[in-house]
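Place chain X on chain D using the hints.
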Amino acid sequence: MIAPTTASSATHAAPAPSPLLQLDQIGRRRAGRVAVSGLSLSLQSGQVLGLLGVNGAGKSTTLSMIAGALAPDQGTIRLNGVDFVEHPELARQLLGWLPERAPQWPELTVREHLLTHGRLRGMPGATARSAAAAALERFELAPLARRLAGVLSQGQRQRLGLACALLHRPALLVLDEPANALDPVQVAALRRILREEAANGTAVILSTHVLAEVTAVCDRVAILHEGSLRHDGPLTADLERRFFDIAMNDARGKTAA
Amino acid sequence: MTALAITRLELRRLFVRPLGWILGALTLAELAWRFVLLLGSFLASQIKLAALPGGPGYTDIVAIPTLSSMLTGSMLPFGVAELALLIVPLLTMSAIAGERSNGTLPLLFAAGLPASRIVLGKYLALLIWLLLWLLLALAMQLSLAGTTHLDWGKLAAAVLGLALALAALTAVGLACSTFAPHPAIAATTSLLLGLALWIVNLGARLAGIDNGLFNWLAMSTHLENLLRGLVSTADVLWFVLLIAVSLSLATRRLAAEREHN
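Those protein sequences? They're chains D and X, same order as listed. Take the first sequence: its letter number 113 is residue 113 in the working numbering, and every next letter is one higher. Take the second sequence: its letter number 118 is residue 118 in the working numbering, and every next letter is one higher.
Just chain D, same shape as in the assembly (with noise of 0.2 Å):
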């Protein structure tokens, strides 16, 4: 049996917790090229992180592992000390993920979404409605409850996507571009929401090619270039300089050769 953590006992753990998420040596390839190669990083609860990468460096592969929706190929990921991959259940209660582009069932309502998303994680059905109506107002989608995901704007699926993910308040939130296709408010108001979920212990991962993104909401960053890890540590200053290094060398690299 496998015991959830929430993101409260997991605040007020022992003096060093385990980590929450643990991933070892992660590889993978797609479509015959290696995405991913030899990443491993750690994460706690009540920690965002931020994955930065020009486009192809492997960003989406990991999270899609991490999410549990790609099994890797070599490596482990645990989750709460315990491997993932052998155990994808635990998706059910630990996970939310907000992939790339928002994928929705067109012909689904907004409160629909937020229900079926309820019962895919196992919610019962009184609690997936009440948890359901309190994420249309957090996220104002409230006059959105009766339309249709399919003439949603990209914006509003954006919002769908990310209130389905935090639906059964999950200890880590992985966000594939949470940003894309959002107006200015409403990117505040999204790095409102992961400043908050973080303060109250939801480890996040959000993945972006947005400097500005990261500097605002992360306090941790990695920098991940053609599949693997080329840094990991705390925000710090000199962060665009370091991110430009490892993309502009490697290409400068390339050319030269």
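Please keep in mind that the hints were generated in silico from the structure rather than gathered at the bench. Ideal Cβ placement from N, Cα and C applies to all residues, glycine included. Hints are not guaranteed to be accurate.
Claimed, not checked - In silico contact screen, one side only, chain D against chain X (beta carbon under 8 Å); selected entries:
1) Arg92
2) Gln104
3) Glu107
4) Arg119
5) Ala133
6) Glu137
7) Glu140
Below, chain X without anything else, positioned relative to chain D:
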């Protein structure tokens, strides 16, 4: 239970999309027309039939032929069984292939659902839709149950046969949807496989081969017995076997997709 959450999701998708309603309306209209034509011919020949001792009645001339033209042939070629060959591929094509092209399949994987529950949930939803459709088609024959003599045993065997045929075709369609990258390819493959299963013995006979294997492989062989009112374990097992093989293949393919795609 999360398989039921998938069933609810799939049912909602089926009922919101116009395709299901259009298919339902068109096929039921065709069946109603077929029913009226068969009923007309039955009424016209009723006196002649009454003179025959143990001659065919309403069940043989109207009720069963409305379900399938396999035994009698008809002015309109499509009974429930023949229509099922056409509509099941269209209904099942989007079950998994649609999720894949929509980008929502990873959401189901990320919810920690094993492939078997995704397949089972989708299968149940499709089956519910098709059994409702069968029930509506049956309502026509049953509407005259109070005024005519209905052979309940024979009708029940025929309905069992059709329900099994629908369940088997749905499982094949779902497997095709799991393997195909796009819904249209899934529908085409499913239609071709359904037709092949239906007439494999006929094709073999035309090629000069008439042996037990081809007859056993053909769905029509097993359905024909049930439509005649003959329920045998061997026929029922044939359908159960086809369902089990198709759903297993679908589950394995879906599990492999998460592992290797």
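Checked hints:
1. Arg92: With a closest approach of 4 Å, the arginine 92(D) hint holds.
2. Gln104: With Cβ-Cβ at 7 Å, under 8 Å, it holds.
3. Glu107: holds (4 Å)
4. Arg119: holds (4 Å)
5. Ala133: violated (19 Å)
6. Glu137: violated (23 Å)
7. Glu140: violated (22 Å)
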